[in-house]
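Enquirer: The lines below spell out each chain.
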Amino acid sequence: MIELNKVGRMYRQGNREVHALKDISLMIGKGEFLSIMGPSGSGKSTLLNLMGGLDQATAGEVFMDGRPLHAISDNELTLIRRRRIGYIFQFFNLLPLLTAEENVGLPLLLDGLPFSEVRPKAAALLRQVGLHDRSEHRPEQLSGGEMQRVAIARALITGPAVILADEPTGNLDSHTSEEIFLLLRSLNEEGQTIVMVTHDPKAAAYGTRIITLKDGTLAEDMVIGETAS
Amino acid sequence: MSIKYALLAILAERDLHGYELKSSFDHKVGEFWSLNYGQIYSTLDRLEKEALVTHDREMQEKRPDRKIFSITPQGREELAEWLATPVGKIRALRDEFFIKLVFMDKDDPGPLLALLDKQKALYLKQMSKLTQRKMALKKAAQGPDSLTGELLMDAGLFHAEADIRWLTLCEAKLKAAVDRKKTSKR
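Sequence lines, in order, name chains A and B.
Take numbering that gives the first Met the number 0: the last position of the first sequence gets the number 228, and nothing is skipped along the way.
Take numbering that gives the first Met the number 0: the last position of the second sequence gets the number 185, and nothing is skipped along the way.
Honestly, the hints are just simulated from the structure, not real lab data.
Do not take every clue at face value.
What the hints assert, rightly or not - Calculated cross-link-like contacts (lysine to any residue; reagent style SDA-like; alpha-carbon spacing at most 20 Å): (1) B/128 x B/105; (2) A/213 x B/148; (3) B/137 x A/189; (4) B/124 x A/184; (5) B/137 x B/121.
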């Protein structure tokens, strides 16, 4: 599903070269729930951004569904980002003026589908994440946990090949976080591939596989549970 | 110390024979705390001397009499007081790993850093297993007993998380110390 082959990411700081990632080779199969752990500055988010086509590797190759993200046109990359990948962020990134239902439907609306067609899909997803009674609420009327559920529903609406989550509960209390992880886990058990960056071992423990980055390299790779098929 | 109160708490629910006490204890807290019959009977002895527990004899045909234990009003009072009192001491620092830390060479930190990594990976694996069991428990059952089980697994997860965070801090401090040494030698 996602394949990284000797991937590196280098930044220039004045005359100095800073290697955020070095020589990372990794295969992520369909149905995996991969947790990426590591201290701050270890390259976790950079790795996630490379997988999602939000950043470009300076060395090596990144494949998504067999297509080389490092060697396709910007238009193609944009389409992959929009249709094949669902993103979940720490700060939810919902649009404040839109209702929950409109936020969930946004990726399809941006793709040009009429709201009449998008609406039932958004409603069904809000039901799936337990928020069917919040469809007309705006983000400011929702709790943090509810906002993240809306963001998860939004990430799901295109039927993405993979969900990429960057510290999805970094801003939530322990109990609310657990409910978000149980939701992600149930999606994974239905076959959804998920890659999640976290510094919290309690969060990582929900994954079926955990990798640890250290100073931009892959330090540990362990498979825990069986992968949903 | 708290074996005494665990037994009192079990007897507060109903009168029991010694072996029933043991199986109830195993059912409720056996997962993280094991007791043998000897400990149970010696604790019951002590509780009787303190007048917190009494026993009746139950006649059995062809077999010796059995003792059936019950909690006294005084026992209930002491149990209630114990339950309501917060625990005053934090967990003891007598983990086997701490002993290793004391004796490992900090001037040549390579082996120690490798050990920290292995220890962290092990805790992480245990946390994964605990999380899987917690999810299975949540799916299988509802009710006060399953909630208690879930909360205890949460406690295990939080403790392991604290250990991992501490191990990460150890690593950072060890590396910083090594770097300082290198710089001062220059």
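Enquirer: Now tell me if each hint is right for this structure.
Expert: Cross-check of the supplied hints:
The straight-line distance between the Cα atoms of residue 128 of chain B and residue 105 of chain B is roughly 32 Å, outside the 20 Å bound, and the hint therefore fails. Restraint check: the Cα-Cα separation between residue 213 of chain A and residue 148 of chain B comes to about 35 Å, which exceeds 20 Å; the hinted pair is violated. As the CA atoms of residue 137 of chain B and residue 189 of chain A are separated by approximately 18 Å, the hinted pair is consistent with the 20 Å bound. For a cut-off of 20 Å, the pair hint linking residue 124 of chain B to residue 184 of chain A stands: about 17 Å separates their Cα positions.
Between residue 137 of chain B and residue 121 of chain B the alpha-carbon distance is near 24 Å, which puts this suggested pair outside the 20 Å criterion.
This entry does not satisfy hints 1, 2, 5, going by the numbered hints stated previously.
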